[in-house]
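**Q** Each chain, written out:
There are 2 protein chains.
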Amino acid sequence: MSLLCVGSVALDSIETPFGKRDRILGGSATHFSIAAAFFTPINLVAVVGQDFPQEHLDFLKSLKIDLKGLEVAEGETFRWEGRYGFDLNNAETLATYLNVFADFQPKVPEAWQQPEHLFLANIHPDLQRDVLNGVSRPKFVALDTMNFWIEGALDSLKQTIELVDMIVINEAECRQLAKEASLLKAARTIQSWGPKTVVAKLGEYGALLFHGEQIFSAPGFPLEQVMDPTGAGDSFAGGMMGYLAQLDGAPQFEDLKQAVILGSVMASFNVEDFSCDRMRRLNAAEIKQRYQDFQDLAHFQPAAESLFA
Amino acid sequence: MSLLCVGSVALDSIETPFGKRDRILGGSATHFSIAAAFFTPINLVAVVGQDFPQEHLDFLKSLKIDLKGLEVAEGETFRWEGRYGFDLNNAETLATYLNVFADFQPKVPEAWQQPEHLFLANIHPDLQRDVLNGVSRPKFVALDTMNFWIEGALDSLKQTIELVDMIVINEAECRQLAKEASLLKAARTIQSWGPKTVVAKLGEYGALLFHGEQIFSAPGFPLEQVMDPTGAGDSFAGGMMGYLAQLDGAPQFEDLKQAVILGSVMASFNVEDFSCDRMRRLNAAEIKQRYQDFQDLAHFQPAAESLFA
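Here the protein sequences come in this chain order: Z and D.
The first sequence begins at 585 in our numbering and counts up by one.
The second sequence begins at 585 in our numbering and counts up by one.
Looking at chain Z on its own, in the form it has when it is part of the complex (with noise of 0.2 Å):
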């Protein structure tokens, strides 16, 4: 089993209602790659500036992370300053200074051209399609997008999406994608596409897939405090890779209803603590605990006979 990953790796400088932190470790890649170490060894490709600490490459190595493909470019770590009100769902944008990020061209080592498992986190969809393309083709890929791609690179986005066997999309994005108000109807449409899965992530309020003509319903998991909700999306879809990639073949429908929980359940975890400081201290029974604890908040017994007589 082998989980390719190719995303953003950033700096970010953040404030919640719960506190303010600057230059933390962030960036799509590095939320997916975290939760998906804990289940599956990862290669990572992105890039790196100068600037970037050597105490972070120490802890992602300390993981099950490869950097053969981590590029360390001239210049300065792409970074994103966001902001969170108590409404925690939407974060607001300060400052994106691209850096080396601008001219990123991914380049996945020779060893890493038959991946078996592939994700590709949120980049530009040309950026995504010429890494599928180069490489053998895997058993598995998944991309994530955002609307910056749906609004400034619909048809790129578009191309990409049909090559790929699932979407892992914000609601708000998959209507806007689909342009469908019924969130029903527009997972419907983006299969038509070609993935024959899609996962919208409803935030606090979970996520839901869609297989097939098969749908799965993951609740949220309700929490006292979310300190910083950042990553939480790439939580989620690094639990659910990671998961996935542990399997043979195909993914099944139950394989995915278990992977979606796993990754709330990853996400639930990440969003405790501001970057991912809660996935240092994070352990496998904690994880196990956490997976029963959605079974306990989601399951209900079949209803009396009588009932319906």
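Calculated directly from the structure, the hints in this document are not laboratory data.
Positions of the beta carbon are idealized from the N, C-alpha and C atoms, including for glycine.
Under the rule of at most 25 Å between Cα atoms (straight-line distance), these lysine-lysine pairs were calculated in the BS3-like manner:
1) K763/Z - K780/Z
2) K769/Z - K604/D
3) K769/D - K604/Z
4) K763/D - K604/Z
DEER-style ranges, computed between Cβ atoms:
5) T677/Z - Q798/D: 35 to 41 Å
6) L738/D - N867/Z: 41 to 47 Å
7) Q798/D - R772/Z: 31 to 37 Å
8) L641/D - S890/Z: 29 to 35 Å
9) N867/Z - P601/D: 48 to 54 Å
10) G669/Z - K645/D: 50 to 56 Å
Quick look at which bits of chain Z chain D covers, simulated, 3 or more residues with Cβ under 8 Å:
11) 762 to 774
12) 807 to 814
Following the hints, position chain D against chain Z.
**A** Then chain D, alone, in the frame of chain Z:
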């Protein structure tokens, strides 16, 4: 078993992206009673004007709804005019004519003054408390309310909430009532005032049940098209209370979980057509099938033990 309901019966004029209807059957107690009557007989206390169409009275009587407590007052029936955009979660009120509802003083017929179950639909909390104090203590009392009373009659509302076993409330109003951004903290706060059970309605995202320390999440049912969301929350409460009224003694957590699912089932049908038109042609087999659909939607298997090795 007996279920007493006090609330509004109205004539609604409604516009959604899918059509427009004038002076159709509506009101909180109406939608509640119609849903509940699939499970248990209802004693309805409300008021209408002399203009209230005989066909609506005949329809309600044809269900298990006793109208002995439905006062026909001089004047016109309570009317609400509303409009929904493509975001069907939020209604825009175009006009409200209280008419005979302005001076409504609920009168519970003597034969109904020992109710086993009581639902206080969304009316002034003073009136809710009057009704509760005017009957012998039921086994189980629930109430609904809205932002209008939270903003305009908070002290009275809190006094009423102290007396009930369960509050069924919109998520946003739950946060507003408790002055807490976290829904979990908001529910805990309201529980500390008295009710052991808080049910937060999440619209298309389902519902969260808080019972003592325990939590249950019911999914929203993905629908291709919501024709008219009016009355969804009341049908939800009706399905819940109709089911609970069948049980002996105080409901246990597992009973409440099944009640929340049945509430979700009834709400999911109610929004499929204007007014209560879907309910007119609904049968027990469809209810049973959708309960099963909810189970299929929400249930998943334990993850492989090897995952946590």
